[in-house]
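A.B. asks: Which chain is which? The protein sequence lines are A and B, in order. Its first residue numbered 3, the first sequence is counted upward by one per residue in this note's numbering. Its first residue numbered 19, the second sequence is counted upward by one per residue in this note's numbering.
Everything labelled a hint here was simulated from the structure, so no lab data went into it. By construction, the Cβ of each residue, glycine as well, lies at the ideal position given by its N, Cα and C atoms. A portion of the hints provided could be inaccurate.
[To be verified] Straight-line distance between alpha carbons at most 35 Å, and here's what the computed DSBU-like set of lysine-lysine pairs gives:
id, chain 1, residue 1, chain 2, residue 2
1, B, K243, A, K253
2, A, K177, B, K458
3, A, K85, B, K132
4, A, K177, B, K412
5, B, K458, A, K184
6, B, K432, A, K190
7, B, K408, A, K190
8, B, K192, A, K253
9, B, K362, A, K184
10, A, K185, B, K458
11, B, K412, A, K85
12, B, K417, A, K32
13, B, K412, A, K32
14, A, K7, B, K243
15, A, K85, B, K243
16, A, K190, B, K458
17, B, K408, A, K32
18, B, K512, A, K85
19, B, K220, A, K7
20, A, K32, B, K220
21, B, K362, A, K85
22, B, K220, A, K185
23, B, K412, A, K253
24, A, K185, B, K203
25, B, K417, A, K85
26, A, K85, B, K220
27, A, K184, B, K243
28, A, K185, B, K527
[Said to hold, decoys possible] Stretch by stretch, here's where chain B covers chain A in the computed footprint (C-beta under 8 Å, at least three residues):
id, stretch
29, 29-35
30, 46-57
31, 60-72
32, 163-173
33, 223-229
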Amino acid sequence: MAELKDFNRTEIPNWCPGCGNYGIIAAVKKTLVELSLSNENTVLVSGVGCFAKLPYWTKVNGFVGLHGRSLPVAQGIKLANPKLNVIAFGGDGDGYGEGGNHFIHACRRNINITYVIHNNSVFGLTTGQYSPTAEKGRKSKTSLSGSTELPINPLALAIASGATFVARAYAGNIKETVEILKKAVEHKGFSFVDILQSCVAYQNHKNKDYYLERVYYLDENHDFHNKSIAFEKTMEHESSDKLACGIFYSKS
Amino acid sequence: MVEFVFRVAGEAGMGAATAADLLSAVALRFGYNIFSSKDYASQIRGGHNYHTIRVSNQKVNADVREINILLAFNQESLQKHLEFMSKDGIIIYNSKDECVEKDNLYLFPIDIEKIESELKEKNLLNFIFVGATLKTLGVKWDSIEEIIKQKFAKKTNLEIWKNAVLLGFNQAEKVYDLPDLNQNKNAQLISGNQAIALGALKAGLTFHAQYPMTPVTGILHHLTKEAINNNSLTVIQPEDEISAINMALGASYAGARAMTATSGGGFALMIESVSLAGMAEIPLVIVEGQRPGPATGVPTKTEQSDLKFVINAGHGDFPKVVIAPGSIEECYTETKRSFYLAEKYQLPVLVLIDKHLAESFDTVNLTDIEKDFVFDYDQHVNIIEMVSEKQLNKDGLFKRYASNESSRTIPGTKSGVYTCSGDEHDEVGQIIEDAEIRVKMMDRRMKKMNSILNELPDLEITGSDDAELTIISWGSNKGAIEEAVYLLNQEGKKVNFVIIKYLLPFQSKNVGNVLKRAKKLALIEGNYTAQLGQLITEQTGITFENKLLKFNGQTFTVEEIYREIIKWLN
């Protein structure tokens, strides 16, 4: 049986100390171990951004392509060889901005891959501009008086676009994130996990404390087979301080 | 020589395409060579559309100006095409329209309304006209009936259509003779789009992703049909061109022989990914079917104005191949070559065509041209299934990008794990910024261009050995120029023709040598800025004083090239 170290490389991540990506890469490797996925039959696909370096620090087949384009690449890989386990990664700028169109259509198409978004509401690698998930009023280098745009609601968008598995996780809680990722990878069809994370460099107000105060996990009282309930749940954070994590919607 | 040029003209939706198909089917059955092209507006109903079908007992590959038989579906068609009629030509038209009386023409006005009311059915004009046309050429009813039955076997309207053709047949008289040549039994009438699809399939295509765009949508249609009964072929219509090329790159990385196709605007969207294919060393065949730009341009017409755009497409320096077939047969052969080069050298290969090649039809015998380019279609090229210890780095990753490594693995291969990377990378695909490795990797990629240059066929030159004038051109102009040069050679005029098929890497040495020897040069291109001329000047220092440039959306005809060459000779 594979162990965590089987997925390590000599090179170690160079993300900022305290970056949420450390939690995500740990959760991804643990998911691969716990699901007994081999490094030769798994492909991690990413785009461009801080998050996108994840495949460089994981000993698995990797495809690091263009900004916003991990989904079409991942779908092409899966269509060419359905036996491969394919996990695509995106950032909130990469996946919801640059690659937003691909996201909608990948949801509709329902090809059996997993899509994981590292969502920190800010452009990190270009030094801190507001992203498509930044809250209205967010000040940044390119929104000096505060952003006038509403943040997108990726979970609602995914459900509306026909995704068959929609979940949210928090990068700081690795154990819970692994459980969600395992279910996503095992799901037959397009599975989508939005992972909330902190950016220690440019998004200090959404730090670990911010998330720990708000994040809670959906339990058996949430009927994740019910699309309307799931849809409503994706809007809960708009009128409360609570941030639900877990499986919002699953068709199976 | 037996040769007839038919023109079927009318509004979109009147069935001109069906009439053209039926006339072509008869000519094909009788063993004739056919070249047929269509000129249409960017609208589904209405507008003025016409098909030109050139039928000959000799090989023909080009449009001509003069037509012999006009099937004028409406008044507009009569007015628009009368000036192109040859002496003793035939016009079939609706008796309710008015045709200017002109000497030396055979006119056959046909009372369509009467026939339609007799058959109690509307929209039969195209079938009635085909019947009349075939009668003027002395074709026997038995042959026509047999072809109709075969062509429309599955249609519920078969009987009505057959009767319409027969009633039309009875309205005309025999003027000429189209004898059954009883030859070319294995020839098929295919478009450039079909030729590319067939070439790709022959070369082992397993994945095609394409967003529809004129003039190459036909490729997507042909392959979609093919995929129904071909389990190893996946065809997908994604959300946009960026998705199309990235899906194809993903599939190719995973071991598929992959292709995408588009026109200039769609290719503009794909370009960042072309650069990725060069950097990450992923094989990919991309078909670019030109139409008049810029922007949406004139979407259903033809032009050759993407040459410089395509050879320069992509940020950064990376290896890339651009091939421009000159005929429908070459669309087949060069597509096969493109798959071979893409897979062997792991890079993007562009097949650059235009609307005139994509959507025109030619009689092609695939068995005859199979030998023009052959590789072991069923075997992967430069993909390994076993990786030795020596090929692994200290972490056990495959050194796919090592300087002495020309093979890749596909995911699923034991010990074949590496990172396929758009960032500059080391031997296993790990992201790096080290200056020394960067230079090594640039050398590794760029040296492919020299190896490819050594694999390309020789420059193609036709016509007189001791030519007074040498014509240079590329792409779909080939057929018209070849024919004009042939006619001039027959008349004792010393002209020859150099067709440039391989645009990148450019055979500058060969081209330079041939053109420097020429006594007088003339350039023919379908664009405003003489893009091939610029490329040749850049590569060889040779400049062109004599140019024939066309950018009105129309193709070159044999006659206009002939006339221009005469001018240049004097």
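A.B. asks: All the hints need checking, so say for each whether the structure fits it.
C.D. replies: Here is how each hint holds up against the structure:
no., hint, verdict
1, B:K243 x A:K253, "32 Å, holds"
2, A:K177 x B:K458, "43 Å, violated"
3, A:K85 x B:K132, "64 Å, violated"
4, A:K177 x B:K412, "31 Å, holds"
5, B:K458 x A:K184, "41 Å, violated"
6, B:K432 x A:K190, "25 Å, holds"
7, B:K408 x A:K190, "39 Å, violated"
8, B:K192 x A:K253, "70 Å, violated"
9, B:K362 x A:K184, "38 Å, violated"
10, A:K185 x B:K458, "43 Å, violated"
11, B:K412 x A:K85, "28 Å, holds"
12, B:K417 x A:K32, "26 Å, holds"
13, B:K412 x A:K32, "23 Å, holds"
14, A:K7 x B:K243, "48 Å, violated"
15, A:K85 x B:K243, "25 Å, holds"
16, A:K190 x B:K458, "43 Å, violated"
17, B:K408 x A:K32, "30 Å, holds"
18, B:K512 x A:K85, "63 Å, violated"
19, B:K220 x A:K7, "45 Å, violated"
20, A:K32 x B:K220, "44 Å, violated"
21, B:K362 x A:K85, "25 Å, holds"
22, B:K220 x A:K185, "42 Å, violated"
23, B:K412 x A:K253, "44 Å, violated"
24, A:K185 x B:K203, "60 Å, violated"
25, B:K417 x A:K85, "24 Å, holds"
26, A:K85 x B:K220, "26 Å, holds"
27, A:K184 x B:K243, "38 Å, violated"
28, A:K185 x B:K527, "61 Å, violated"
29, 29-35, "violated (count 0)"
30, 46-57, "holds (count 4)"
31, 60-72, "holds (count 9)"
32, 163-173, "violated (count 0)"
33, 223-229, "violated (count 0)"
Violated hints, listed in ascending order, are 2, 3, 5, 7, 8, 9, 10, 14, 16, 18, 19, 20, 22, 23, 24, 27, 28, 29, 32, 33; each of the other numbered hints is respected by the structure.
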